[in-house]
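Undergrad: Single-letter residue listing:
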Amino acid sequence: MTEPQTIHALKGAYGDLAFSEYRGQTRVVVPLALIHDVLETLKERLGFDLLVDITCVDYLRYRGAQDRFGMVYLLANVETNERITARTFVNDPEPTVPSMVDLWAGADWLEREVWDLFGIRFSGHPDLRRIVLPDGFEAHPLRKDYPLQGRGERHNLPVIRRAEG
Amino acid sequence: MPLTPATQTGDLAHDEPQPYLWTMNVGPQHPATHTTLRLVLKLDGERVVDAMPDIGYLHSGFEKIGEHLDYNQYVVVTDRMNYVSPAANNVAWHHAVEKLLGIEVPPRCQYIRVIISELARIGDHLTCNAAVGLDTGAFTFFMYAFNPREATLDILEAMCGARFTNSYTRVGGLTNDISPKAIAMIREFLAGMPKKLDDAEALLNRNRIFVDRTKGVGVLSKQEAINRCVTGPIGRASGVPRDLRRDEPYLAYGDFDFDVCCAEAGDCFARYLVRMAEVRQSLRIIEQAVENLPPGPVNVGIDARTRLPEKGPVYATIEGLISHFELVMANRGFKVPSEESYAAVEAPNGELGFYLVGDGTNTAYRARCRPPSFINFALFPHLIRGHMLSDVVAVLGSLNIIAAELDR
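Protein chains in written order, with our numbering: chain A, 1 to 165; chain B, 1 to 408.
Worth flagging that the hints you see were computed from the coordinates, not collected in a lab.
One thing to keep in mind: the hints can contain errors.
Here chain B is said to cover these stretches of chain A; the calculated rule only asks that three of the stretch's residues, wherever they fall, bring their Cβ under 8 Å from a Cβ of chain B [said to hold, decoys possible]:
#1 22-31
#2 44-58
#3 71-81
#4 99-106
#5 128-134
Not everything, but these chain B residues come out facing chain A in the computed CB check (under 8 Å) [unchecked claim]:
#6 Cys229
#7 Ser338
#8 Ser341
Heads up, the beta-carbon is just placed ideally off N, CA and C, and yes, glycines get one too.
Same shape as in the complex, but just chain B (with noise of 0.2 Å):
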């Protein structure tokens, strides 16, 4: 694979005009880009000197409607974030709401949690590697690493009933307590998933074409993986040893032994393999925590006035009626200080924080999300410049971008 220093083919694209340069439109909707967005390319034969990011498609204005539902609604909007690992982006969103009304959720909720994202992680991370594949050619690897991902998805249907969109978390706690079958669900899938993930490593590890089209490609140094604000497993195969989950201990991730993968050499095929191996290390955390999880509530008390009181309750007595009115009416709910807090977590494909500015009602002043897949994208135009135009899906599909969560 040639390779062309970056600064040599920045200064042909921009110091002299090239009147023999191509440009190329990729996308909004193109097979290889996976979600909406687009790409102009500027060609010197097949080879790439320039590309420009063009996003927005999907703009919803997610942070607008954060301002306008409260701390309850807007996990729904967060499920539509990065629609790959929904799980995640409602323990983010709850995490950051619990800091900033310093609220502590009771241990069977925070193990909850971590198994929740940890299962969104595996999905995520299969999901990704499956696209790289596809898109180098490897449809047989697309299917031994969708069909696992399916049993995680099958695996939170259980615990709360959907499969994409979650929104299993609540403020202070979750929508219902983990049952018997998912526990079942959950072991069955540990004990099956080394020899499917060995198996699918054995098809791409050492495939000749998957290596060659991968291995030196978009290549990423530490240092512009820090100065470009990367995090997330794109960092650590660039070898920037961060991850929230070991470095800030949020919900019970003390308790847990793991590794935090890294690699060096910072190029698709090393994000590939931090990618695989965070999904065993993820399985390691998962048998942990369900061989673990602390009995008790799922919820905070009562008597903390944040946690919506059961169904039965509300229905039948009247005190269980006047609590949740207490919660749901516009003039009452939960005490919000006139704060701003930041808190995030390792979602899986970096940090996604949310900066939130409480104003003393229940909605949040501003919902400012932190958002992996922006930061990732923006490294695009550096990681592909000197390559070819078959590079460009190797690229943007190791880079997991996730276009909902991108435009938001």
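Same shape as in the complex, but just chain A (with noise of 0.2 Å):
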């Protein structure tokens, strides 16, 4: 399946979605009622099989942008080897998308690594936990409101002595 394909289907199925192309990536934007749906689509009737990767970017300071999350879904057909990225957008307060760990077993860390870095969070996710940073961690630092040196958060962490512990 050639890629105006894919594009031509995706259309025919959910209407007018923003395609854009960047130095040969195709690009959708997707409404995020919709994402779990395409999503599917691609997966199951595309060819998309393989979720490459699950990310997030924040645009707290970018210009022009209207919404602060943006999801980003990179796919790729094991097949074919084309790619495609999907991307939707979340607001605060609150940012929660639908998980994908239903389709893809795969999306599991990657979900629990943005919820840990970007507060998003996964409705249906079997396991959201934070993965990278300590439990009792508050803030998200990869949100763009974070400084880089961070909130102090390093050196008041407990620490278990030996005898306690």
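Work from the hints to combine the two standalone chains into their complex.
TA: Take a look at the structure:
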């Protein structure tokens, strides 16, 4: 299936999605309500069976940005080696997107990482815990309003001494 | 090796409380984990019922740092991600940056980048297999594999001056051209390697202990491999024939003749075999690249306004100094589009890509790294369920987890 066919199929199923292209990469912006459906269609019907990455971008101080967070889903087709990037936008308060763990088991840790570093909730995720930061950590450090130096958490981590442990 | 289906043991672990299950902690400092990571194992006697990985001990906020260092400076941080094959990370980072900027590097630079990527791959695969051998009791193989890996480090040192943290690439080129001495070292390395690989493989391929401990252990089916986003040698050992060098020929990979090595078994032994076979293919690629190294500059021209000028003119002439300042001053630098792009290379552990968001300044607005170790380690509970405690090290070794890349 060539790329125009993918775009054609998506347009046929979901009306007018915003497609764009940059240096040979096909990108589509999907409304938040449709993102799970669109990814399911891409996976089941259009052959994009490999989830390459899930990540997030905080557009807090990005020029011309209207939404706070952009979720990015990078998909690839193992047979034809095509790629497609699906993006959706989500806003404060309590940014929540549907989890993709039911489509790809590999989405589990990727979504936990986004929750950990950006504070975006994934509805339907079976085990949404912090993954790289300690459980007691309060902030979400990859947000743009979090300073590079941190807010002193490192210096106030609880110390367990050998006698107490 | 008795195998229990994952579903059966999964039910045991979750459905009803099993008071006789033991909980055992491995790590975060443990010789068999090789890097800083922690596993909490649930054991039924000696059988692993479930495993809960706990990561983050080496989290250093590399992606946050990437939003504050410019495109040339950040290459130093990429060295620290997968420190077993840093040259591949350098290439991946600047490949992604150059895709965002729309720069095409000269052919000579592309060939040299192929050479360092493949040297890094040889080093990484040999280290991984050496560690698997060491953990399963084959200490001699460890020595046989580490010795040629040392030679790849020597070559990288001759090329860029650093053994581990290479930082060899720059936006639009390299720090310096390859020297005749380095080429001679590569030729010598290529001539000696097949014999060394034969010797090393003769130690393990039919070794009863090693085969018993790795065959049928940690089986990953093709379907599960795709479902769990696995790429690289682990995917290929499970029969996913995906290799970006062939599928999306970046740099000069389209010019070379090489095979994509696959296996179908998907167990630890298949992963070992795939890695050893890939080392031989990397040797083929390096040989073709060295013998056909195109002449010409290694960097894009000064008119492209991306590559820092040579130090000679910078120190000696006013024009050189101005062109240097034009690039390094905070409000100057090269033009970056306000766009987003993703570019990936086939790193030794799998697809290593960077998702970059440019905002017009010298610094990335977002520098997301798609780390293969992170995605591979998520497999671990799935692979180890139902196996024995002593298989933990075989599975962990064959996944080749580098914790610095895992946590970033």
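Undergrad: Hint compliance check: list the failing hint numbers for this structure, sorted ascending.
TA: none
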